[in-house]
Amino acid sequence: MLEKPKTSNGNGALTAMKNSDPAGLKTPAVDIYETADALVMLADLPGVAEQDLQVEIAGGVLTLQAAADQPGTNGGYYRRFRLSERIAGEAGDATLKDGVLTLRLPKAESAKPKRIAVKTLH
Amino acid sequence: MMSGLHMFNEMELLSREMDQLLGGLGFRVVAEPRSDATGFWVRDTGTAYRVEASLPGIDVEKLDIDILGRRLSLTAETAETAGTDAGDDVVWHRRERRSAAFRKSLMLPEEVEADQVEAEYKNGHLTVTLPKAAALLPKKISVKAA
Numbered sequence: 001m002l003e004k005p006k007t008s009n010g011n012g013a014l015t016a017m018k019n020s021d022p023a024g025l026k027t028p029a030v031d032i033y034e035t036a037d038a039l040v041m042l043a044d045l046p047g048v049a050e051q052d053l054q055v056e057i058a059g060g061v062l063t064l065q066a067a068a069d070q071p072g073t074n075g076g077y078y079r080r081f082r083l084s085e086r087i088a089g090e091a092g093d094a095t096l097k098d099g100v101l102t103l104r105l106p107k108a109e110s111a112k113p114k115r116i117a118v119k120t121l122h
Numbered sequence: 001m002m003s004g005l006h007m008f009n010e011m012e013l014l015s016r017e018m019d020q021l022l023g024g025l026g027f028r029v030v031a032e033p034r035s036d037a038t039g040f041w042v043r044d045t046g047t048a049y050r051v052e053a054s055l056p057g058i059d060v061e062k063l064d065i066d067i068l069g070r071r072l073s074l075t076a077e078t079a080e081t082a083g084t085d086a087g088d089d090v091v092w093h094r095r096e097r098r099s100a101a102f103r104k105s106l107m108l109p110e111e112v113e114a115d116q117v118e119a120e121y122k123n124g125h126l127t128v129t130l131p132k133a134a135a136l137l138p139k140k141i142s143v144k145a146a
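Line order of the protein sequences matches chains S and D. Position one of the first sequence corresponds to residue 1 (the numbering used here), numbered consecutively onward. Position one of the second sequence corresponds to residue 1 (the numbering used here), numbered consecutively onward.
All the pointers check out, no bait thrown in.
Heads up, incomplete: computed chain S residues facing chain D, CB under 7 Å, no partners named: (1) V30; (2) D31; (3) I32; (4) T35; (5) D44; (6) P46; (7) G47; (8) D98; (9) G99; (10) V100.
Chain D stretches covered by chain S per the calculated footprint, using a threshold of three residues with CB under 8 Å from any CB of chain S: (11) 91-103; (12) 117-130.
No lab work stands behind these hints, which were simulated from the structure alone. Cβ atoms here follow ideal geometry from the backbone N, Cα and C, with glycine treated the same way.
Okay, chain S solo, but in the shape it has when bound (with noise of 0.2 Å):
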């Protein structure tokens, strides 16, 4: 189960904003790397509080969306990827400082980097 930030089902923000176009809300920046075990993406939110916040997963698709009254966002924050399906989705874990949004995807165990052992034969 992905761990996200708590969010309030029904908290109107978060509601009234995804009940409204996701067309006109901002696209945070993010940064993403990739280490030996998993998938790292941090995003600004700058306004964001834990409440206001959600990230799913569904379907190979991750999906990050933020109610912000912050000026120049339009109501909050969409943005969507795509995951491929090297990465284990459902055993990711975020967390929310100061407006920026750390998530952190373990990689599929198929898709670590594993030494093969060299059998010598004689």
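Using the hints provided, position chain D relative to the given structure of chain S.
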């Protein structure tokens, strides 16, 4: 080598692109205060100036807010994100976030009460409130009846 293997693709909604197109044609009503691309706003509330900056993930300990006369200076740098193990052996896929230090200096239109300046940093948004100098605020003059 990971090149050629796309870990992700970005899905842009077609309607979002349409919105940007329409916005460029002047259809979108802009009702926001003046701002520049990096998220910086200055407002005059009548009794004070309110300076706001979008500064996600900065090191609050190293945040410098200086006021000298009418000049306000802000300096901030991004905090090291803990637990993200970004060493030298990582593969970068995308780097969009600002990583340089933030430096901004501006001259306010009028003097402010320097010792009443307040600053709040919440959820990556900085708000600095600078009350205007008392001498500049309009004062009601009462009329003594003779």
